[in-house]
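Asker: Each chain is listed here by its residues.
Protein chains: 6
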Amino acid sequence: MATVKLWSDEEAAAHPQVKAVFDDIRATRKSDFVNNFWRALANQPKLLERTWASVKQVMIEPGTLDPLTKELVYIAVSAANSCSYCVHSHTAAARAKGLTDAQYAEFLAIVGMAAETNNLANAMQIPVDREFTVE
Amino acid sequence: MATVKLWSDEEAAAHPQVKAVFDDIRATRKSDFVNNFWRALANQPKLLERTWASVKQVMIEPGTLDPLTKELVYIAVSAANSCSYCVHSHTAAARAKGLTDAQYAEFLAIVGMAAETNNLANAMQIPVDREFTVE
Amino acid sequence: MATVKLWSDEEAAAHPQVKAVFDDIRATRKSDFVNNFWRALANQPKLLERTWASVKQVMIEPGTLDPLTKELVYIAVSAANSCSYCVHSHTAAARAKGLTDAQYAEFLAIVGMAAETNNLANAMQIPVDREFTVE
Amino acid sequence: MATVKLWSDEEAAAHPQVKAVFDDIRATRKSDFVNNFWRALANQPKLLERTWASVKQVMIEPGTLDPLTKELVYIAVSAANSCSYCVHSHTAAARAKGLTDAQYAEFLAIVGMAAETNNLANAMQIPVDREFTVE
Amino acid sequence: MATVKLWSDEEAAAHPQVKAVFDDIRATRKSDFVNNFWRALANQPKLLERTWASVKQVMIEPGTLDPLTKELVYIAVSAANSCSYCVHSHTAAARAKGLTDAQYAEFLAIVGMAAETNNLANAMQIPVDREFTVE
Amino acid sequence: MATVKLWSDEEAAAHPQVKAVFDDIRATRKSDFVNNFWRALANQPKLLERTWASVKQVMIEPGTLDPLTKELVYIAVSAANSCSYCVHSHTAAARAKGLTDAQYAEFLAIVGMAAETNNLANAMQIPVDREFTVE
Chain A
194 MATVKLWSDE EAAAHPQVKA VFDDIRATRK SDFVNNFWRA LANQPKLLER
244 TWASVKQVMI EPGTLDPLTK ELVYIAVSAA NSCSYCVHSH TAAARAKGLT
294 DAQYAEFLAI VGMAAETNNL ANAMQIPVDR EFTVE
Chain B
194 MATVKLWSDE EAAAHPQVKA VFDDIRATRK SDFVNNFWRA LANQPKLLER
244 TWASVKQVMI EPGTLDPLTK ELVYIAVSAA NSCSYCVHSH TAAARAKGLT
294 DAQYAEFLAI VGMAAETNNL ANAMQIPVDR EFTVE
Chain C
194 MATVKLWSDE EAAAHPQVKA VFDDIRATRK SDFVNNFWRA LANQPKLLER
244 TWASVKQVMI EPGTLDPLTK ELVYIAVSAA NSCSYCVHSH TAAARAKGLT
294 DAQYAEFLAI VGMAAETNNL ANAMQIPVDR EFTVE
Chain D
194 MATVKLWSDE EAAAHPQVKA VFDDIRATRK SDFVNNFWRA LANQPKLLER
244 TWASVKQVMI EPGTLDPLTK ELVYIAVSAA NSCSYCVHSH TAAARAKGLT
294 DAQYAEFLAI VGMAAETNNL ANAMQIPVDR EFTVE
Chain E
194 MATVKLWSDE EAAAHPQVKA VFDDIRATRK SDFVNNFWRA LANQPKLLER
244 TWASVKQVMI EPGTLDPLTK ELVYIAVSAA NSCSYCVHSH TAAARAKGLT
294 DAQYAEFLAI VGMAAETNNL ANAMQIPVDR EFTVE
Chain F
194 MATVKLWSDE EAAAHPQVKA VFDDIRATRK SDFVNNFWRA LANQPKLLER
244 TWASVKQVMI EPGTLDPLTK ELVYIAVSAA NSCSYCVHSH TAAARAKGLT
294 DAQYAEFLAI VGMAAETNNL ANAMQIPVDR EFTVE
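Protein chains in written order, with our numbering: chain A, 194 to 328; chain B, 194 to 328; chain C, 194 to 328; chain D, 194 to 328; chain E, 194 to 328; chain F, 194 to 328.
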């Protein structure tokens, strides 16, 4: 029920720009699986290329945040934005990166509580304390 | 410009239920500072009590996620919900817990990218891959 | 800091279509006060006219929901959408219609909890029970 | 398609903390039906316990807002947050509490209009009238 | 799985107010197809009538924005609000009005980037430049 | 009140990576004005560089959508996400690109109506018509 066609491997193979991205996804992840997000973006090769380059830089290249923390932040935004696809794909990714049931339980408690206090603060329009601002 | 009065320390001192929560906030955080969120919630003592008990359990009691990761998840939800107050208070909390500039830069890159792919997935209504679902 | 000019009474008086709406707002509400929302919409007279006609029909004409319940529903949506202006104007309206502190405290507890469980259900992508669907 | 397992009655019976909550849900609601939200939360027993305690206090204990008004506020937030599960469960709950077709029609008109004016006020960034603020 | 019944043509034919709207939808669009949105709103005839009148005025009556631009703006809001139904119906409408694959690709790039920078600006709480405000 | 420092021109001049982006912004826009969004992102030079490269490609490079349509889509997403900064900056940009008052009035009517019908469709959980799906 997507608004666009999902590209098969055969279709991707016939389009050099798309093929290059699919090949790099497989090589980077060391897996043959290319998920639907990329098969949908294949309809927009330039956007596919730029988005994959960004995801690779932001989520995969080593930095100062560990890979699991990155996934939790990603899921948190996705739940708040009610993105069913992104919640599913990044929860699976977090599990593949070692998310335990205990960690997931704590994570869920935080995203629930954050949404609760967000709505309370927005409903009462609480002014920001001077202590929280950057000089 | 809140929709409710922000309670002063004097007003809190005169209301045992509110005083008990303010006292516990100060003791738990080892700081005299009580931020506006609690001064606004003081108008609803029962809600104040329940919310503080939850925050204490979820954000402060030791668990399997480290305190900084918890704050990053909190900010991520707050930014997505456009809660100015919560973004400010939890970014300050994250900094107090040692958030470095490099970590903050990576965090911002993730929340930006998550919002981008959320909107793309929602705009294309991409179906969830069978591989991402729990049996 | 609006993106549009806020019309003064003098400017409104010089534009028959705008004047007619401002006059009706004053007559309907039995008050001389015309709030900024309408002064901003005055830049789009057709939209001003249609929006006021709808607000009048939905919020003011007697129906089966009492006026205070209507305002609470309005604030609930506005907090969830992080609309500072609407939260302020409709909380003031609810108070003018008799909202008590006890009712407001219960209302806040609900909007907080609803946001919390919304985020939990979205994060866990809980399937709808068959019992909740309409045949 | 949840990201977590939904607990069966057999699984719940084998876990005292979960069993106690399921038992209390059934006793409180005077019904054998335990909906999927709680079956999903059962994976996080501490969160299950805290969430049910809050729901019971906020939505079920008698207060100053009538039960139907509470449900309408809940649905309003859930629709704004695009929470399919919550919209379904609380619309069913509202119907069980006597929501008439006429009331539902008026409710829908309000949530639609609130979202409309939220977006208009956010798009025009209308400043809050001094009259709406609390001294 | 709607929360309301979807009206069949037979049911609509038996209700003059609903029939009149359905007839006008068909005449205006020069098509026999009446989509589910209107079949659901038929349960609230007054809301059905007002909503169709507004849609007709805003989306169909000629103005200064071309029909395709209007649909793109509509889809952009719908994706941000995670409204699956509206994304589907207005993407189909945009295609019927001539949306090309190249235009759709550019559109998707914009909605993704807007969401990204929205979240960045909200996360950093960037103050509005004086240059952007209306005197 | 940002959560980060806004870089002055002097600070930017001392950091080659930041200076290069600021220079390119000025050259591309043929204006000396560098707005706060970029002065905040300067704290994260890599994110600054990637974001500007994307904005340049998506919003400035000629394509099949005209520049004004692009800005309207951008504002629509920003209003839905309640991003005050983005609404201000892109409304100013749209005006600089020739947005007329009549076009702005029509645009506002669409974003208001889209939000209204989004909320109605989400509240009634209307199923997508088969006619709207891609084979």
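You may find that some hints are simply not true.
Quick look at which bits of chain D chain F covers, simulated, 3 or more residues with Cβ under 8 angstroms [said to hold, decoys possible]: (1) 233-239; (2) 249-260; (3) 310-317.
The calculated lysine-lysine pairs, modelled on DSBU-like cross-linking and capped at a C-alpha distance of 30 angstroms, are [claimed, not checked]: (4) B:249 / D:198; (5) B:249 / B:239; (6) B:249 / D:212; (7) C:212 / C:223; (8) D:212 / D:223; (9) C:239 / E:198; (10) E:290 / C:249; (11) F:223 / A:239.
To give a feel for the contact side, a few chain C residues facing chain D, derived at Cβ under 10 angstroms [what the hints assert, rightly or not]: (12) 208; (13) 210; (14) 218; (15) 309.
Please keep in mind that the hints were generated in silico from the structure rather than gathered at the bench.
The beta-carbon is built from N, C-alpha and C at its ideal position, and this holds for glycine as well.
Asker: With reference to the structure, classify each hint as holding or not holding.
Answerer: Structure-based check of all given hints:
With 0 residues having a beta carbon nearer than 8 angstroms to a beta carbon of chain F, the stretch 233-239 of chain D misses the requirement of three or more and the stated coverage is violated. Counting residues of the stretch 249-260 of chain D whose C-beta sits closer than 8 angstroms to any C-beta of chain F gives 0, which falls short of three, so the coverage hint is violated. Given as covered by chain F, the stretch 310-317 of chain D passes the check, having 7 residues with a CB less than 8 angstroms from a CB of that chain where 3 are the minimum. Our distance criterion of 30 angstroms between C-alpha atoms is met by residue 249 of chain B and residue 198 of chain D, whose separation comes to about 28 angstroms.
A distance of roughly 15 angstroms separates the Cα atoms of residue 249 of chain B and residue 239 of chain B; the hinted pair therefore holds under the 30 angstroms criterion. With a C-alpha separation of about 25 angstroms, the suggested pair residue 249 of chain B and residue 212 of chain D falls inside the 30 angstroms cut-off, and the hint holds. A distance of roughly 16 angstroms separates the Cα atoms of residue 212 of chain C and residue 223 of chain C; the hinted pair therefore holds under the 30 angstroms criterion. Taking the CA atoms of residue 212 of chain D and residue 223 of chain D, the gap is about 16 angstroms. The hint holds against a cut of 30 angstroms.
For the suggested pair residue 239 of chain C and residue 198 of chain E, the alpha carbons sit about 34 angstroms apart, so the restraint of at most 30 angstroms is broken. As the CA atoms of residue 290 of chain E and residue 249 of chain C are separated by approximately 35 angstroms, the hinted pair breaks the 30 angstroms bound. With a CA separation close to 26 angstroms, the supplied pair residue 223 of chain F and residue 239 of chain A stays within the 30 angstroms bound. Hint status for residue 208 of chain C: violated, given a least beta-carbon distance of 18 angstroms to chain D, over 10 angstroms.
Taken as an interface hint, residue 210 of chain C does not check out: its beta carbon lies about 18 angstroms from the nearest beta carbon of chain D, beyond 10 angstroms. Violation of the interface hint for residue 218 of chain C is found here, the shortest Cβ-Cβ separation to chain D being roughly 13 angstroms, above the 10 angstroms cut-off. Interface hint at residue 309 of chain C: satisfied, since its Cβ lies 8 angstroms from the closest Cβ of chain D, which is below the 10 angstroms cut-off.
Comparing the model with each earlier hint shows violations of hints 1, 2, 9, 10, 12, 13 and 14; every other hint is respected.
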